[in-house]
Amino acid sequence: MVYYKHAWNVFSKHLRKRGLLVTIRQVAHEAAVSVGTVSRVLNSKPGVSEGTRHHVLAVARELGYTLPRRSHLSTSTVTHLGLLNRPMRDALPASPFYADVFNGIEQICHPLHINLSYSSLDVVNGYLRSLPAMVSDDRISGLILIGAIAQGVVESVVSSVQAPIVLVDNCLPNCPWDAVMTDNPYGITLAADLLISQGHRHVALIGGPDHPSIVERRQGYEETMRRYNLTPVVAESAGLELADGEQAAVELLRQAPETTAIVCSNDLQAMGALRKFQVLGYRVPEDFSIVGFDDINLAQLTSPPLTTVRVGRRALGQVATQLLLGRISAPDRPATRAIVGVTLVERASVCPPRAHRIKPSV
168 MVYYKHAWNV FSKHLRKRGL LVTIRQVAHE AAVSVGTVSR VLNSKPGVSE
218 GTRHHVLAVA RELGYTLPRR SHLSTSTVTH LGLLNRPMRD ALPASPFYAD
268 VFNGIEQICH PLHINLSYSS LDVVNGYLRS LPAMVSDDRI SGLILIGAIA
318 QGVVESVVSS VQAPIVLVDN CLPNCPWDAV MTDNPYGITL AADLLISQGH
368 RHVALIGGPD HPSIVERRQG YEETMRRYNL TPVVAESAGL ELADGEQAAV
418 ELLRQAPETT AIVCSNDLQA MGALRKFQVL GYRVPEDFSI VGFDDINLAQ
468 LTSPPLTTVR VGRRALGQVA TQLLLGRISA PDRPATRAIV GVTLVERASV
518 CPPRAHRIKP SV
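In terms of this note's numbering, the sequence shown is residues 168 to 529.
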């Protein structure tokens, strides 16, 4: 058994050098307990029997998992926080959506003289290959994980960094960590209600990837349509960019030409759909009403200006930072899920449905 442990420790170190990290999910599997139980044990939280606690710790050591060594801190002793984001096209401070989240985080940290470091995660095919050097900085007291990061990746981060975390724009099943989300179901309901109140009965949705926020928006749209006894129509889309909105607009013209109004999973999709319709000779909103989601800064600059659902992006960052600081001060409190509200911003991309038939031009 001693030889086995030595061999496993050597192998574990080899895995870590290659970026293949032992996760709390693996510890949970080997110990035959839940991920939540492992999290409570590793963070010295109550609610676990002594026998289970000793068993989980023994399994964690056997697997080569590095046990937490950080002591609990008060908010006044926090000098550094880290930000990790999913791989994105734009750097975090330049993202149309997450730049304002970053700004909200800064607004809380600056008066408290807390320094921020940020980096993108090296994720390939849903697996974390390696962690940025930033997370090895012992001055960092907690991490804010931004965007739709897969549960396995979050668990890998938690396994490797003994610091509290909070998720932003992401919430996982049976989530044992603090998380901040937008009120996506209510927001999409506001958008659909507006269109239906204008007389639209053929309201389609441009879908998106399986991100928690996008999934909630789709579910909210489908529930609203059923509430009005209307048929949901979803133009599937793998992305949330301008090109995805353009492609979905063409798909709706081909597959559902009776559509008179479109709700989009985000503003970039809406802007792409608006542009494609105009290029093809259709008018917005006279031929197609369009509603976006997020109210990024560009939404008011389209022609016509885009009606959309405003997300409190700075509030997402502010609430996440407050939750993380609270977690650092009180590590034993229950996991908290915070919901940031939304508002409907009516501009000029919605009107009553057209009375004429359209001829598909694609």
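If you're looking for bench data, these hints aren't it; they were derived computationally from the structure.
The structure presented is a predicted model; accordingly, all values stated were derived computationally and were not measured.
Cβ atoms here follow ideal geometry from the backbone N, Cα and C, with glycine treated the same way.
Where hints are given, some of them may not hold.
Distance windows between CB atoms, simulated [unchecked claim]: (1) L283 to G448: 24 to 34 Å; (2) N270 to A423: 33 to 43 Å; (3) E453 to T246: 27 to 37 Å; (4) I506 to L465: 31 to 41 Å; (5) R306 to E425: 53 to 63 Å; (6) P278 to I525: 32 to 42 Å; (7) Q365 to S201: 41 to 51 Å; (8) Y353 to T244: 33 to 43 Å.
Hint by hint, here is what the structure shows:
Against the hinted window of 24 to 34 Å, the Cβ-Cβ separation of L283 and G448 comes to about 48 Å, which falls outside the hint. Under the hint 33 to 43 Å, the C-beta atoms of N270 and A423, about 39 Å apart, fit the expected range. At roughly 57 Å, the beta-carbon separation of E453 and T246 lies outside the given 27 to 37 Å, and the hint is violated. Here the CB-CB span from I506 to L465 is close to 26 Å, at odds with the stated 31 to 41 Å.
A hinted range of 53 to 63 Å for the beta carbons of R306 and E425 is consistent with their spacing of about 59 Å. Here the CB-CB span from P278 to I525 is close to 55 Å, at odds with the stated 32 to 42 Å. The given range of 41 to 51 Å is respected by Q365 and S201, whose C-beta atoms sit roughly 48 Å from each other. For Y353 and T244, the Cβ-Cβ distance of about 38 Å falls inside the hinted range of 33 to 43 Å, so the restraint holds.
Figure legend: structure checked against the earlier numbered hints; hints not met, in rising order: 1, 3, 4 and 6.
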